[in-house]
Amino acid sequence: MAKVAEAQRANSNQSPVNANTPILSNLSMDGKAWFIHPVAMIDYFNENSPEIIFPLKTKPINNFDMRFGKNFNWTKNNNQTMFGWNRSGGKRKHAGRDLYTEPETEIVAICDGVVLDVSPFYCKTHQITIKHKTNSGRQFIIRYGEVDKKSIKVEVGDVLKQGTVLAKTGLLLEELEPGEKSNYTQIIKVNGIEQKFKPVLVINGKIIYMLHLEYYSGANGLDLKKPLTNRSNLPYQRRADLIDPLELLKEGYQSTFGIEL
Amino acid sequence: MKKFLFKSLLIILLPYFVYASDGDSGKKTYYSLKKELLRGKAEEREKILNLVGDFATNNRQILILASCKFKPFVGNQEDINNQLNKIDFLENYGEYLSQNNLSFNEISRLYFLDKSSLSNECNEFNKLPIIQIKNNLAIPIRKQLIFFQRLPKQDEKNINNYNNNVKCLKYQQVDMETTHTCYYKNMTILDVYNAMYYNSSYVFRKKIKAGENFSAFYEDYGVDVEYKWSGKNKLEITQYFQGGVTYYTFIYQNDKTKLIKVHSPD
Chain A
1 MAKVAEAQRA NSNQSPVNAN TPILSNLSMD GKAWFIHPVA MIDYFNENSP EIIFPLKTKP
61 INNFDMRFGK NFNWTKNNNQ TMFGWNRSGG KRKHAGRDLY TEPETEIVAI CDGVVLDVSP
121 FYCKTHQITI KHKTNSGRQF IIRYGEVDKK SIKVEVGDVL KQGTVLAKTG LLLEELEPGE
181 KSNYTQIIKV NGIEQKFKPV LVINGKIIYM LHLEYYSGAN GLDLKKPLTN RSNLPYQRRA
241 DLIDPLELLK EGYQSTFGIE L
Chain B
1 MKKFLFKSLL IILLPYFVYA SDGDSGKKTY YSLKKELLRG KAEEREKILN LVGDFATNNR
61 QILILASCKF KPFVGNQEDI NNQLNKIDFL ENYGEYLSQN NLSFNEISRL YFLDKSSLSN
121 ECNEFNKLPI IQIKNNLAIP IRKQLIFFQR LPKQDEKNIN NYNNNVKCLK YQQVDMETTH
181 TCYYKNMTIL DVYNAMYYNS SYVFRKKIKA GENFSAFYED YGVDVEYKWS GKNKLEITQY
241 FQGGVTYYTF IYQNDKTKLI KVHSPD
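Chains A and B, in that order, give the protein sequences.
Just so you know, the UniProt record's numbering puts 208 at position 208 of the first sequence, and the rest follows in order with no gaps.
Just so you know, the UniProt record's numbering puts 185 at position 185 of the second sequence, and the rest follows in order with no gaps.
Worth flagging that the hints you see were computed from the coordinates, not collected in a lab.
Keep in mind the model is a prediction, meaning the values are calculated, not measured.
Hints are not guaranteed to be accurate.
To be verified - Among the chain A residues that face chain B by a calculated CB cut under 8 Å, a handful are:
| id | residue |
| --- | --- |
| 1 | Arg-87 |
| 2 | Ser-88 |
| 3 | Gly-90 |
| 4 | Val-118 |
| 5 | Tyr-122 |
| 6 | Gln-127 |
| 7 | Leu-172 |
| 8 | Gln-186 |
To be verified - To spell it out: a stretch of chain A is covered by chain B in this simulated footprint if at least three of its residues, at any positions, have a beta carbon under 8 Å from a beta carbon of chain B; those stretches are:
| id | segment |
| --- | --- |
| 9 | 92-104 |
| 10 | 173-182 |
All C-beta atoms, glycine included, are put in the ideal place defined by N, C-alpha and C.
Hey, can you work out the whole structure from these sequences and the hints?
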C-alpha cells in the first residue's frame, strides 16, 4: 500500500491525460500503462464463475423464509412442489421441483449449454430443454418447464452462456366454462382468437407463476433421441435418467444468493 | 309440507350450482376456417391462421372474426360491386371463386370493420371487405382469398346448446389438480363433444362416433390422446401432454350429459 501511495504522490504533480479517470486505473505501481488482454479476461471469468447458478434472478416466493412457509417450501420433501409428490391421485409422480415466483420472473441458464428443444408443455405454457456443461466438465440435461411462451428468447441450436435469460416464468391456464366468471380471468389468443382462461393454481388468492425444473443425468444420452417424457415409464412418466434436482438447485442458490441451504 | 320440503331442497342445492349460462337465446351462426384451402408455405399459412383465426361468429348481423367486430355494409348490389371493384376483386380473386364453385353473382353482403374495433390488432382488416357468399365468408388478405364455411345446422345447434343449457358445480382444487363438473341438458355425449370440437383449446381434433375407441399423437402439441368408451353412455378422453395430463369424462344419463374435466399439471 505504501508503494501505491508513493506512486500516487509521484504522479500527482503531473497533469493527468484524462482528468476524469482515476490515476491508479491508468497506471500500474511502476508507472507503466495497464493492458488487459480480452481472451485472458474471458478465461479469468470462466475460471472464476460458479459451476451452477440458480435458474431465477430472484428468490422463489415458496422459499423457506417467505410467505408460503412450510406448506410449499421447494427445499423440503413434504409438499406438492417436491420431486416425487403424487400426481393424478398417485397414478404418477412429480418429475421436478416447482419454484413459485412473482409474475413473469426471468429464468436464466444455470451454466453454459446448447438448446435442444423449445415446445409446448402444459396448459398454455412451454418448455425449454438445454444440454448443459459446467466449467469442470459435468454434463446433463435440464428441462425448464411451465415457462411463458411469448417471453421465450432462445431457439433450438442456440449456444448459451451461464446466466443467459431464457424466458419468464409462466402461468398454467385452463378454459373458462360457458357462463363461468373468474376474478382472475386472463385473455389470450389461441389460433388468432381471443379466449378467456383462468389460472390453474391460485393459493390464498395469489396467482402462482412458476418454473418447473427437471434434471436428467445424461445416462440415457445427452440428446433427445430418447424423449424426456415417456408415459410407459412409471411412476414419473419420464426417461430413466431423471433425478431429483434438489442438490443442483441448492448449489445454484448458494452461488447466486450466497446462502447455504 | 310439500312447499316446505321444496324450499328446503332449493336452499340445500343452491350453493352447489354456482354458475350457469346467462341464457342468451340469440341464435348465433358459426363459421370455420377452411384451412385446407390456404396457400403458401407452412410458415405463411401459420401467419394467416394467427391473423384471421380459425373460427368466426355471427350474432344478429354482427360478425366477430379474429376477435374484431364487423358490421354489414349498407347499400344495394351496385354499391357492393363498387366496393369490390376498389380492390379489383374479380381480377385478383376471381379464380378462387371458380375453384370453389362460386360465382360473383352469389355475393350477398359485405361486412366492414366496426370503428369500435380499430385496435392495433384489428387494423389489418381496416377498409377490407369480408364477403358473404352463399354459406361462406371470403376475406381477401395477403394476396389470397381466405374462406370460412358455415357449420352444419346440427353443429350450430350443439354450440348454442353447449353455451346455453349448462349448469356447473363449483370447481375443486386438490393439490395441483383442478376438477370441473358441468351438466348439459338435452345434449348427448356426441352433442357436447362436437360443440367442443370447434374450440381448438380442447385439442379435440377428431370427429368421433359413439363406441369407437381411438388413440393418436399430435406432434405440434406433443400430446398423446386416448378415447375410451364404456358402452355408449360413457366416454373417457385422456390427453397426455409433455407436462401434465388432462382427463375428460362424459357420462350420459337422464337426458343430459355430465362432463368432468380434470387438469393435472406436473
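Hint check results:
1. Taken as an interface hint, A/Arg-87 checks out: its beta carbon lies about 6 Å from the nearest beta carbon of chain B, inside 8 Å.
2. With 8 Å as the threshold, the beta carbon of A/Ser-88 comes within range of chain B, its nearest partner Cβ sitting at about 5 Å, so the hint holds.
3. Given hint, A/Gly-90 at the interface with chain B, is violated; its Cβ is 11 Å from that chain's nearest Cβ, farther than 8 Å.
4. Look at A/Val-118: its Cβ only gets to about 11 Å from chain B, farther than 8 Å, so that hint breaks.
5. A least Cβ separation of about 4 Å between A/Tyr-122 and chain B falls short of the 8 Å threshold, and the interface hint therefore holds.
6. With its C-beta approaching chain B no nearer than about 6 Å, A/Gln-127 sits inside the 8 Å limit, and its interface hint holds.
7. A least Cβ separation of about 5 Å between A/Leu-172 and chain B falls short of the 8 Å threshold, and the interface hint therefore holds.
8. For the restraint placing A/Gln-186 at the interface with chain B, the shortest Cβ-Cβ distance is roughly 12 Å, beyond the 8 Å limit, so the hint is violated.
9. Counting residues of the segment 92-104 of chain A whose CB lies closer than 8 Å to any CB of chain B gives 4, so the stated coverage by that chain holds, three being the minimum.
10. Judged by the Cβ-Cβ criterion of 8 Å, the segment 173-182 of chain A is covered by chain B as claimed, because 7 of its residues qualify and three suffice.
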